[in-house]
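S.K.: The listed protein sequences derive, respectively, from chains R, D, S and G.
Heads up: the first sequence begins at 1 in the working numbering, then just goes up one per residue.
Heads up: the second sequence begins at 1 in the working numbering, then just goes up one per residue.
Heads up: the third sequence begins at 1 in the working numbering, then just goes up one per residue.
Heads up: the fourth sequence begins at 1 in the working numbering, then just goes up one per residue.
Just so you know, these hints were derived from the structure itself, not from any lab.
Note that CB positions come from ideal geometry on N, CA and C, so glycine has one too.
Among the hints, a few may not be true.
Calculated cross-link-like contacts (lysine to aspartate or glutamate; reagent style EDC-like; alpha-carbon spacing at most 20 Å) [to be verified]: (1) R/Lys463 with R/Asp385; (2) G/Lys26 with G/Glu157; (3) D/Lys46 with S/Asp53; (4) G/Lys26 with D/Glu195; (5) G/Lys159 with S/Asp53; (6) D/Lys46 with G/Asp206; (7) D/Lys46 with D/Glu226.
Some but not every residue of chain G turned toward chain D, in silico, with C-beta under 10 Å [to be verified]: (8) Ile19; (9) Leu73; (10) Arg101; (11) Phe115; (12) Asp135; (13) Tyr188; (14) Leu194; (15) Gly200; (16) Ala201; (17) Arg202; (18) Ile203; (19) Val211.
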Amino acid sequence: MTITLTHPALWLSAVGLPLLPALLLPVARLRSPAQLLMPWAAAPALGLALLVSQEVVVELPLLLGMRLGLIPLTRVFLLFTALLWIIAGVYAQSYLAGDAGFRRFCGFYLLTMSGNLGLILARDLVSFYFFFTLMGLAAYGLVIHAGTAAVQRAGRIYLILVILGEAFLLPAMLLTAVAAGTYNLEAVPAAVAGSAQRPLIMGLLLIGFGIKAGALFLHVWLPLAHPAAPTPASAILSGTMIKAGLLGWLLFLPLGEPALPAWGTFCMVAGITAAFYGVVVGLTQSHPKSILAYSSVSQMGLMTVALGVALAVPTARTLALSAIMVYATHHALAKGALFLGVGVADHVSTSRQRLLVGVGLLLAALALAGAPLSSGAVAKTFLKDATYAVSDPWSARLSLLLQLAAVATTLLMGRFLLAVWPDTRKPAHHLSPGLWLPWSVAVLLVAGWVFLLPEELATVAVKTLAFSSFWPVAVGALLVGGGWWLYRRPGMRFRPAIPEGDVLLLLLWLLNVLQRVRRAGVVPAWNALTRQADRSAGHWQRQTDVVTTLIRLEGRLNTWVVAGTIFMVLLTLALLLVVLV
Amino acid sequence: MRGRANITQLWTRVILVVCSVVFGLGLVWTALALPQEATGLARVVKPRMPESGVTNPVTAVLLNFRGYDTLLEIGVLLLAIIAVWSLRLAPTRTALERFMAETPVLAYLVRLLVPVMLLVAGYLTWIGSSRAGGAFQGGAVVAGAGVLLLLAAMVPLPRRRRLLRSLLVMGFGLFLAVAGGMLLLGNNLLEYPPERAYILILAIETLLTVSIGLTLALLFLGVIPEVAAIQQRREDNV
Amino acid sequence: MSQFSLYAVISMLIFSIGLYGFIAHAHLVRKILAVNIMGSAIFLLLISAARRDPTAPPDPVPHAMVLTGIVVSVSFTAFALALTRRIYAETGQAYLPETEPAISAQKQDIVQK
Amino acid sequence: MDNLGTWIVWPILLPLIAIIPIFLRKRSGAANVSLVTAAAIVLAVAGLARQVLTNGEQSHAVGGWDAPLGIMLHADGLSVFMLMMTAIVGAITSIYAAGYRFQGGGDSGSSSGYFFWPLSMFLWAALNVLFLAADIFNLYIGLELLSLAAVALVTLERKRDATVAGMRYLLASFLGSLAYLLGVALLYTAFGTLDLELLGARIQPDLPTAVAIMLITLGTALKTALFPLHFWLPPAHGSAPTPVSALLSALVVKASFYLLLRLWFEVFPAALTPAIAQMLGLLGAIGILWGSFLALRQHKLKALVAFSTVAQVGYLFLLFPLASTSAGWGVDAWSGGVYHAFAHACAKAAMFMAAGTLAYAIGSDQLDHLAGTFQHYPFSVTALTLAGVSLMGLPPSGGFIGKWLLLNSALASGQWWFALVILTGSLLATGYVTMVLSHILLRPPDAAPIEPRNTRVSFTLEFAALLLALIALGLGLAATPMLALLRIGMPFTGY
């Protein structure tokens, strides 16, 4: 059955509905209905994702000609994104009930939601950029919700990275638009492929979207922001928002156009490195949300590998895209369930609850690790199929690396489970249905995913019963067990801990050192030198201060005679130009 | 620092002089390159004179063909008086003013001159439709009479605002009313019916003469009359 | 050199002199006088251009423009003189103070450093 | 049959008519008359916009005399665009001014508060005259009317700073006007017409023309505060009463810019050589960097906003090199520049209003004193933020559309250096906007909470600023129909 829905108002409501409650929030009387409606603002988008099975584009007289629509790729993204926004929204209503800042949280949540849904629905460059920016900036309000000093620091770094991302994306968008001669997204990949500035555009795109996607070394904001945000917001950040960067790559990069082996290899190497790097740093974390954040870095790395495949081997485009679609959906749901589970585990009070919550977490963790029959296993099978398209020596290595990555993921999930395992000895909170219900839905979606699949995918799920998907999990589990045993031994107290934000901290430390060197060594030396060069050292120093000079210059420009003379000089110069040229 | 400032000033001055000379020469060259034959609108104005309602071409241009410019220009004059008043300068009695006030000869002369000046002003305004003259010339003479009266302190400053302000705004008001009123007749803005043009222009010019004269005299005074009057009375009482 | 050219050249020279005076002289009344000189120069140019052909009646449009220009110039002069009076009342002199209020905050800042 | 439905005359007539009762009545009456007139002007402009949208360009021969004998009024997309900008900012500023407390005493008929109304009505009339003029001498009178009203408004409150700044502004205006008038005199002497269209048809690339264009351009650039002729702007805009600062920064500099736009692209496009266009663009580019840099160095909120105007004016001048040399993308550059002017008008007026409200509330506009004002004046701070979003050029604001179009044409025409300047300018704008916001939002931990001095701030003040900021933000969303309006009669072929 195919349904075509082409009324523009319908599509506008999908992105505009979240803004409505946001507008109602300041009005005291309408506040509680607005808060009640918050999660369901994503419902029209979910409806569109479920019902629209054809490519549709509608045009609206907004911005520079807004086009909204869906293609198969974005339909999948919209499906899991809208779903997760609803689940996390319902969860947030209980999680933050009674919180003084809930109204503000609602406002930012809705704005971010509008941005996230909008960028998926956008079919033109300008709208895409608008929604992307809206999402990035509005999420700042989610990150800093708690308001503590550490959270504010995380927020600052998040904001800096967002603005940095904008600085890369805006030129990329403009260059793309100029190359395409239109703002339509359909024309973009071909335009990028054919542009004379292809390397520049691709570089800008990889970095700009890479920051959002948490790509290797651009991920520094991610392990800071995800734990800082309230749990439902973390679920959104990790589940859907980092996928926006991935979607950006898929929509803008020339996949399936001419083969770009160098770019492809670069992406594959960066992806695989990130996959292991995330696990290694993640293992040293103790906070469950930090572990999950690093796991996201690792998982996004795996999806980047598929992107690399599509870039390097044009014929593998379809395969790689399906792999990414399946993988992204799987990861969004599983990561959502895991993040929400952290909050649920915190509220456990009885041992029965403990058992149920534990089982749920285990299920989600197993899915992420790729245990047979799970969504993870299906996703990994797709990924592996895609890698077969790469030329031979690489292909074998890649599939081995992928399996090793699965081992690593299992290990990290084990570490997570140990960190989060519900503890009834903690002061008991009340585990309200508002928390466990949405979480259960998420877990059920992860677990029962296979049954909702179209037939061709379901057959793949059966294929995952093979040994190749079984052994990594088994090995990983064994390793976890061994590690646990080692860890529990009285003599063993070796606990490496890399602080969240890893390379960023290294960078900051380096800057700090440089600063200290400058202050301790360079500045006195410079002063001594200048003092010798000029006896009136103070005067010289003032002269060298560019800023001061400029400001003094402005002051001088202000005296009337100088200003008038400048006008006169301009007149004369222009006159000479006119007479002589 | 002082020395540096002087050097800056010196250089600025040198540059300014050099630029002024070069610029002046450039302008002279430009002036010489201007066309020698008449290119103006005289030929366009002449055939339409009969429709203008007046016989003096300058008045026809000012009040009819380019009446819109003149309307705005009266606006500038009204704006000037409002702007000067908005500065709210303190009223001062200068030494000259006191001297004048105490000299009976001047007072006599002013008594003699002012009526004659007003007569001249009226004549200038009336003759403007056919020969050199008009509201501006007439208004300037009225203003001269007003300045003389002010200097001789022979008119008490009005304490009530309404009358004075009405006189000031009256010329502009009539002009504007005529301009807009033409729309009611189905004409364009300021489009006089040719048969009424003369009388309308004369009416506008007459009121303008009073308004312009008064405005110029009050611009000379520079302070808000009613405020000054209150102050003056206060001083006199002391 | 025709009569028109002579007047035009002179008007340009007067304009340049006025411009120089406007920029170079610090006293505000002199500046205002300089502005009037520049204005007169332009009026001279227009009036002389109105009668380039001595045999024909003069072009009335420049005359009207000059009349309008004079009224505008009078209005500006009146306001400028009144403003000069206020500056004199507030600062005790008829010159522009040479440091800017918006910049002076900066200057203090630098001194403190 | 009457002719009252000729919408084109009403934006000029209405404010002029309003001046008469305002001049004759006392303060309270003056405010009410002005507000009613403002509403009427908004309606008239809307009527004209509708007429232009349905019937295309409108012309009106004043006095029934066609050019060259008479004076024409002309309304195309650009005129209507500018009239709309003026109507929106003017009306909302009037609302703000009605709630604003001007300093400076006097009785009700002679206080600063009273004089704002007739002067602002003259300002509005002058702007509308300019935007509808099709005659180069008529433009001169409009310009003079505008300058005189603007200077008088600056000196409205009895403050020494403002008086001095006003004098400087007046002198700069003199210089600009005289240069312009000399240019007009030369053009009339050479070509014997004052009508813009006829002038454009007759104009020859000879020496007097070139000199006249140069004089007009520089005179107008001085009034628009193009770097390095911006010296008069920051003190004048920074020290004027708040509603006046809003009007000046939003509208007055745009008027002379509009003049330049008209003349360059419609009267003497042939004279716009690449070299001159690049020069104008270069000065604009320096202005962007210079103004933003100095804005970052300010300690007072209003001074900062004023320097930001210097920077934002720079963007407008980028239009000249971009629109004249990028074939095909010239339309983008042209409409981007004009759009930027509109968005800046709304955003800057909102910013000045919000800044003025905060300054009034805490009795100081030092940035250091702003901490904690958000709790008391959330609407003003929100207005400040939203206006900042437009200045930074973030979507969906009008500023974003303007910058996007300018950037697009810069890259398309290969003038990447201007693109670089625009991006740098946006980053610098982000810098000074965040600087203000962090002063407001982040209170130093050791500082005591600041109690506002004047807690009772009229809600009108906050509402007006927020409304304008929202309009600046919404302008981006409304870009498609607005750009369609702008394209009616635009000086580019192919549309």
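S.K.: Indicate, hint by hint, whether the structure satisfies it.
M.R.: To see whether the hints hold, each was checked on the structure:
no., hint, verdict
1, R/Lys463 with R/Asp385, "12 Å, holds"
2, G/Lys26 with G/Glu157, "18 Å, holds"
3, D/Lys46 with S/Asp53, "15 Å, holds"
4, G/Lys26 with D/Glu195, "40 Å, violated"
5, G/Lys159 with S/Asp53, "54 Å, violated"
6, D/Lys46 with G/Asp206, "29 Å, violated"
7, D/Lys46 with D/Glu226, "47 Å, violated"
8, Ile19, "7 Å, holds"
9, Leu73, "8 Å, holds"
10, Arg101, "17 Å, violated"
11, Phe115, "4 Å, holds"
12, Asp135, "8 Å, holds"
13, Tyr188, "7 Å, holds"
14, Leu194, "8 Å, holds"
15, Gly200, "16 Å, violated"
16, Ala201, "14 Å, violated"
17, Arg202, "9 Å, holds"
18, Ile203, "12 Å, violated"
19, Val211, "5 Å, holds"
Hints 4, 5, 6, 7, 10, 15, 16 and 18 from the list above are not met by this structure, while the remaining hints are.
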